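**Q** Here is what each chain is made of, one letter per residue.
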Amino acid sequence: MSYNDVDATVLPVRSDEDVVRLRQSVREQMIAAGFSLIDQTKMITAASELARNTLRYGGGGEAYLEKLLKGARRGVGLTFVDHGPGIPDIPRALTDGYTSGGGMGLGLSGAKRLADEFELESAPGQGTTVRICKWKPY
Amino acid sequence: MERIPILKMGDMLLVTIQVDMHDRLAMTLQDDLTSRIVKDRARGVLIDISALDIVDSFIGRMISNTAAMARILDARTVLVGMQPAVAITLVELGLTLHGVRTALNVEKGVQLLKQTAE
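Chains G and U are the protein sequences, given in the same order.
Quick note on numbering: the numbering used here labels position 74 of the first sequence as 74, and the sequence is numbered without any gaps.
Quick note on numbering: the numbering used here labels position 11 of the second sequence as 149, and the sequence is numbered without any gaps.
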């Protein structure tokens with residue numbers, strides 16, 4: 001997946017503090033788009049899980065936060081890119097409870113459930129790109 | 139270093155998390171709380187998360203682990219003040235907070251700890 005959306009805000013994911021700042025940026029974007037408190041909370045929680053993965057497993061990377069427009073629908077998209085070791089077994093990584101680190105194994109699977117759209121691209125040695133979107137209900 | 143204050147109320151400890159938690163801060167709180175349980179001979183721990191906008195799997199794990207450690211040290215943990223949006227999100231995330239008792243607010247949490255002590 002190449003990333004070339006010019007409207008996206010690029011946020012670094014290199015420290016714990018970056019994760020906190022990223023959550024705040026996602027919140028601001030969700031509020032600006034008029035999302036409900038529950039949808040804000042879901043998207044920020046998903047962002048927090050994925051940002052942690054980028055930091056812990058990917059060795060840090062960037063997040064791209066963008067406003068989405070599809071017809072009359074508005075949404076928020078968030079893409080995490082790292083150049084870490086990649087995920088050798090994607091179906092396994094998406095299984096609840098599976099963890100290669102010290103987490104609870106809910107990062108990827110939980111983020112997938114919390115978002116409306118979820119895409120994951122990864123290969124050993126190629127890094128990982130995860131994209132999630134949340135669409136505003138009419 | 140940034141730290142979350144722990145208040146002593148009788149034989150209980152009260153922690154009110156009022157900042158956006160990052161992972162290191164969560165780990166520091168876990169260590170501080172277990173040390174204080176021993177030092178203050180606390181029988182109960184109240185963790186107030188009413189000011190927290192999100193609880194992700196890492197914070198959830200910290201809370202579960204803290205409750206498990208507290209139990210081994212003969213103290214009971216009650217998590218209080220969870221916002222409805224946080225509860226909805228936790229269920230969807232798949233986090234069960236195993237072994238953690240919850241109450242609506244600090245007052246009800248104190249009642250629950252007192253009942254347990256009797």
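Hints may contain errors.
[To be verified] Derived coverage of chain U by chain G (criterion: at least 3 residues anywhere in the stretch with Cβ under 8 Å from a Cβ of chain G; other residues may be distant):
#1 160-169
#2 190-202
#3 227-241
Derived by calculation from the structure, the hints in this document are not laboratory data.
This structure is a prediction, so every number in the text was calculated from the model and none was measured.
Just so it is clear, CB atoms sit at the ideal spot from N, CA and C, and this is done for glycine as well.
**Q** Against the earlier hints, flag every one the structure doesn't satisfy and list their numbers going up.
**A** Structure breaks no hint.
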